[in-house]
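Visitor: If you want the building blocks of each chain, they are given just below.
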Amino acid sequence: MASKAIEVNNLTFSYPDTDEPVLKDINFSINHGEILGIIGPTGAGKSTLAMCVNGLVPQVINGEMEGTVKVNGSEVSGSSVAKMSEDVGFVFQEPENQLSQMTIEEEIAFGMGNLGVPRDEMLGRITDALDQVGLTGFEKRSPLALSGGQQQRLAIAAVLAMRPSIMIMDEPTSMLDPKGKNEVYDVLKNLKDYGMTGIIIDHEVERIAAYCDKVLVLHEGEVQMFAPSDEVFTNIGQLHELTLNAPQVTEFLDSYNQAFGKDVKLSTTLEESVDNFESACK
Amino acid sequence: MNSLYMPKDSLIHSLDPRTKMLFVVFVVASSFILNDPALQLVFLVALFPLVVMAKVVKPYLISIQFLLLFAVLIMTVHGIYNPIGVTPVFEIFGGLTFKYESMVYASVMSFRILVIGTAAVLFVMTTHPSDMASALVKWKVPHSFAFILLSTFQIIPIIAREAKIVMEAQQARCLDVKGSLIQRVKNLVPMFAPLFIITFMKVHQLSYVLECRAFSRKGEKTSLRETKIGSLDYTFLLGMLGVLAFEIYLKLFMMGSLHLTTDALLTYSLFGTWIVFGFMIIKFVVKQFQGKIGGAN
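First to last, the sequence lines map onto chains L and H.
The first sequence begins at 1 in my numbering and counts up by one.
The second sequence begins at 1 in my numbering and counts up by one.
Derived from the structure by calculation, the hints contain no laboratory data.
Certain hints may be false.
Only pairs whose alpha carbons sit at most 30 Å apart, straight line, appear in this in silico DSS-like list of lysine-lysine [what the hints assert, rightly or not]:
#1 K292/H with K178/H
#2 K202/H with K83/L
#3 K292/H with K83/L
#4 K189/L with K4/L
#5 K228/H with K140/L
#6 K140/L with K202/H
#7 K181/L with K202/H
#8 K83/L with K221/H
#9 K202/H with K179/L
Take these sequences, add in the hints, and give me the full structure.
Guide: The structure is reproduced here in structure tokens:
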């Protein structure tokens, strides 16, 4: 494919009530089928960046924007958020605020109904989406009767059912327990099989390292690193400067290297780290 | 679920919401056309089989109790004090006289409340809110309006939960909720200010979510819930038209020769509401009493 899935050029954005821009001259692009993880301290502008991709910023949330954001080759500023939602799905942080319907199946059907999906196809997609997030059998329940984790997965299912080509999740796991987190990331991995592109904002470096192809590190509105996830997470010195951490195993190998003057190859996965450590100890 | 909807399998449930909305309109119109206590009483009784058909008799009776309160008040107070009355019917202690004209007036008014209440309860209990919303959309009501109607069911429990959280949080900060009445009224401000802010934030966030779910997209929208007007609906509508025609005929040509409203009817309906009201009070008192005894143990 000629065009990139997402292409951001010289993006600068400032909210009306602040002097300093929240995003400064951001440039990155990701290919179709790639998963991008965005990490950074709170207030770095991660959510704002994500909302630029589907046009919520600056169309609904006002502010001054410079630069261009292109999704599937066409400019975001050229169409409305509602139109963009056919291509870009967005999952927010708070699960409860994303639910508006009386039963789970209606919740999932809501987005599709707005897109004008015929009813027969809806039923199939609902089963599909519930299956993907592991909520099969809950169709007739009220969304309010679900736990936080289930609600978040429902919100994901509702977006999945709209079949966007790009899925953005803004800290979807902050309210979830470890099992729920894994389930969300499994959904993220499934996106690849569907040929979808994903962006996830999270603080869970372990899982980001395991599931994402590329990682973008944002700090005070600037891109500090943008590289494949292994490359980002093995650059521990710079991560620490930005008050971020690498996955525990990587941190361990790095501390080991520094404490004993060794040169074990850093890795982000458990298995590989064990292997590296083992061969270095021989 | 936060609505009064009773999921049952009945003929009334399977009617299209639009038919039922027309039915409510028909009942309201009828209650004004039949400007006579006796006819309205007949009409009220005639509505009851529909309640039985919808299999919601018990919840219906429970909710109609509250309307009966109005009926009792209106019939008693108007019957005695309404100045349009001239012909005395009977007297109770202390020289308070019920007069014919004012009793007719009061009965018409209270039966009207009961009749319209019956239709409304029947509609609400047999129609799923989502069905109502999609039916409204088919009547070209704007989508956003239908959404507002539906989202109230969703937002009220959420606000109630938030209110509880705010209350507990403020209590943890030493807000006195058990003080004197004036103190408690003063304390409403630290309770409601955060609640309003939270609600606005939630609604704000919801608007972003809706935008991301293509809510404001132009073009045709579809719905998961299907509502269709079938032969049953047509039969029902025809029946309503027939009754309406008959009512108008009655009103125009028969009123002169028809004298169903008698002193006895008015008196008995007044006594009837009193007796039912008496039962309600007894039930209430017994419940309170049981609560007191239960609390003592």
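Visitor: Hints first: check each against the structure and report whether it holds.
Guide: Taking the hints in turn, this is what the structure says about them:
Restraint check: the Cα-Cα separation between K292/H and K178/H comes to about 21 Å, which is no more than 30 Å; the hinted pair holds. Distance check on the hinted pair: K202/H and K83/L sit about 23 Å apart at the alpha-carbon level, within 30 Å; holds. Restraint check: the Cα-Cα separation between K292/H and K83/L comes to about 61 Å, which exceeds 30 Å; the hinted pair is violated. With a C-alpha separation of about 20 Å, the suggested pairing of K189/L with K4/L holds against the 30 Å cut-off.
Simply put, K228/H and K140/L have alpha-carbon atoms about 21 Å apart, close enough for the 30 Å limit, and the pair holds. Distance hint between K140/L and K202/H is fulfilled; the C-alpha atoms sit about 25 Å from each other, no more than 30 Å. For the hint pairing K181/L with K202/H, the CA-to-CA distance comes to about 24 Å; that is within 30 Å, so the pair holds. A hinted pair counts as satisfied when its Cα atoms are at most 30 Å apart, and K83/L with K221/H qualifies at roughly 14 Å.
Among the hinted pairs, K202/H with K179/L is consistent with the structure: their alpha-carbon atoms are about 27 Å apart, no more than 30 Å.
Taken one by one, the earlier hints fail for this structure only at number 3.
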